[in-house]
Amino acid sequence: MVKEIEKTGIPVVHICTVVPISLTVGANRIVPAVAIPHPLGNPSLSFEDEKKLREHIVEKALEALTTEVDSQTVFE
Amino acid sequence: MKLELGKININQVVIGTESKIVDGTLHICDQDIISIVLEDDRIASCHVEIANPGDKTRITPVKDVIEPRCKVDSKGGIFPGVINKMDTVGSGRTHALKGCGIMTVGKIVGFQEGIVDMSGPGAEKTPFSKIINICLVVEPKEGLEPHSYEQAVRFAGLRVADYVGKLGHDVEPDEVMTYETKPLLEQIAEYPELPKVGYVYMLQTQGLLHDTYVYGADAKHIIPTILYPTEIMDGAILSGNCVSACDKNTTYHHLNNPVIEELYAKHGKEINFMGVIITNETVYLADKERSSDWTSKLAEYLGLDGVIITQEGFGNPDTDLIMNCKKIEQKDIKTVIVTDEYAGRDGASQSLADADKLADACVTGGNANEVIELPAMDKLIGQLDYVDVIAGGFDGSLREDGTIEVEIQAITGATNELGFNHMSAKGN
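So the protein sequences, as listed, match chains A and B.
Counted from 1, the first sequence has number 62 at position 61 by this note's numbering; the numbering is strictly sequential.
Counted from 1, the second sequence has number 344 at position 342 by this note's numbering; the numbering is strictly sequential.
One or more hints might be untrue.
[Claimed, not checked] Dumping the calculated DSS-like pairs for lysine-lysine here, alpha-carbon to alpha-carbon at most 30 Å:
1) B:K87 <-> B:K22
2) B:K328 <-> B:K299
3) B:K87 <-> B:K58
4) B:K428 <-> B:K336
5) B:K4 <-> B:K168
6) B:K299 <-> A:K8
7) A:K4 <-> B:K428
8) B:K268 <-> B:K299
9) B:K359 <-> A:K4
[Said to hold, decoys possible] To list a few chain A residues with every Cβ distance to chain B over 10 Å, as calculated:
10) I6
11) T18
12) V20
13) T25
14) N29
15) L41
16) F48
17) D50
18) K53
19) L54
20) V59
21) E69
22) D71
23) Q73
I should point out that these hints are in silico values taken from the structure, not numbers from a laboratory.
The beta-carbon is built from N, C-alpha and C at its ideal position, and this holds for glycine as well.
Work the whole structure out from these sequences, hints included.
Structure, rendered in C-alpha cells:
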C-alpha cells in the first residue's frame, strides 16, 4: 500500500513496529511504532503519558513526511 | 547429560473401569481422567473420547496434543515447574507411550484452534491422524476469561498426560534409545575432527495466548539460553499456544522434536551436536534485536561451525528468523533455516514477510494457503460452529452437508516448521 500510494506522487510515512520488514518491502520514510499488538499506544502507561507518546509518534511522522529523502530512511 | 528413552508401543486404547497397560493395550478409566480434569474449579465439564487412525472422525477445535511420558525411578517428574516440582530434567530414564496422545479440545480462541481428521484427505496433512487420540473435550464455567480457560485446559492436558504416562513406569519398553550430550569442553574434545553443529529453537511467544513455557517460565520474558537437548524430551518446553494450527508446535512436537532426533542420529558420525539455543519471538523490535543478538553470541561462544534454525508461526516471526540467520551468518557460522510459506492459494506470492541474501539455505514445511476440501465425517468430537472464522477458513467454509473447504492452515501440524511431516516435492 505504501508503494502504490507513493507511485501517485504522494509521499507516505510507514509507521510500523517491525522496521526490518518495512525496509525489506521498500518503504522510504519509516517511523518505528511501539509494539505489534499496540503500534500507536502503550496500555501499560497512564492516560496522560500514553497521550504524550501518541502525540510524539504523530509529530515524528509529520516531520518525516515533510523531510526530503534520497534513500530509505528510518526516523528514530 | 544422558537420557535413556524407553518406548512403549501402544496399539489400542480401551475405556474401562481400570487404568493399566497390558500387552500394548492401554486401558483407561474415563472417570479417573475426568476427576483429574475437574480438579480445576474453572472447568465445568469434561468428557473423554477415543479417535483411532482410519476412523471417519473429525476433531476440532484442537488446542494441544501431548505424548504421555514419565520419569522412571526419579524424584522429579515430566513438565517440571508446571505440574511437577522444579527440577532439572533430561537425565536418567524416561518412558514414553508411543502411538497415542492426549488431545485437548475446546473452543478457547475458536479461530485459532485446529482441525484433525482421522481419515480422508485431511488426515494426510496431520501427523495426529496416525496416532490414537485420547480426546479431552473441556467446557469452561460460564464467564471464564479466555486466558484463564487456556491455562485451565493446558494444565488439565498435562496432568492427564502425566497420569497416563505413569501407567508405563513398570512396563518393559519395546525399544530403548540412549541420547547423550556432554558438558561443553568434553563434548568438543570427544569428536574434535567433526563440525560442531547447534540448533537454534525459536519459540512462539507473542503473548495474548501465543505463548510457550520453559520450566514454567513464560518464554517471552527469557533471554536466549542453552539447554541440553534431552531436557526437551522430558517436557522442559511446552505449548500454551492458541495460534494458527498448521505451524504451531504442540507439546507433542516439542517432546518429539525431529531436528533434535536427526542431529543425534548424525552425532559422532557426521557432526558433533553441541546443544540447543532456545530463543523467543516477541512483539517489540528491541526485544527481537536483543534475542537475535544473543542467539548469534551464544552460537559464537559455543564455537559452532553450523546452525539449524527453526521458526514457529509466521508473519512478524519471519523477521526474528531472518535476524537470527543474518547475525549468525555474519559470525561466519553456516545456517539452514526451517520455515513454512504463506505464498497465496496459487503459491505465487512472496513466501516470507522478510528476507535476506544470507538466508541462502532454506527448508520449507509447505504452503499454508493451499486449499483443501475436507469431506463430511460420520463422527464429530468437539464443535463446528466456528469453522467459517478459523484461521485458514472463510465465509462459506462449512457447507450444509458437513464438507469443509479451508486452507491447510486450519489443520493441526500441516506445515510444521520442525519438519515433522513427510510432505516433499520432486523436480523433473
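Hints and how they fare:
no.: 1; hint: B:K87 <-> B:K22; verdict: holds, 25 Å
no.: 2; hint: B:K328 <-> B:K299; verdict: holds, 12 Å
no.: 3; hint: B:K87 <-> B:K58; verdict: violated, 40 Å
no.: 4; hint: B:K428 <-> B:K336; verdict: holds, 25 Å
no.: 5; hint: B:K4 <-> B:K168; verdict: holds, 21 Å
no.: 6; hint: B:K299 <-> A:K8; verdict: violated, 41 Å
no.: 7; hint: A:K4 <-> B:K428; verdict: violated, 36 Å
no.: 8; hint: B:K268 <-> B:K299; verdict: holds, 25 Å
no.: 9; hint: B:K359 <-> A:K4; verdict: holds, 22 Å
no.: 10; hint: I6; verdict: holds, 19 Å
no.: 11; hint: T18; verdict: violated, 6 Å
no.: 12; hint: V20; verdict: violated, 6 Å
no.: 13; hint: T25; verdict: violated, 5 Å
no.: 14; hint: N29; verdict: holds, 18 Å
no.: 15; hint: L41; verdict: holds, 14 Å
no.: 16; hint: F48; verdict: holds, 21 Å
no.: 17; hint: D50; verdict: holds, 17 Å
no.: 18; hint: K53; verdict: holds, 19 Å
no.: 19; hint: L54; verdict: holds, 14 Å
no.: 20; hint: V59; verdict: holds, 19 Å
no.: 21; hint: E69; verdict: holds, 26 Å
no.: 22; hint: D71; verdict: holds, 23 Å
no.: 23; hint: Q73; verdict: holds, 15 Å
In summary, the structure is inconsistent with hints 3, 6, 7, 11, 12, 13 from the numbered list given earlier, while agreeing with the others.
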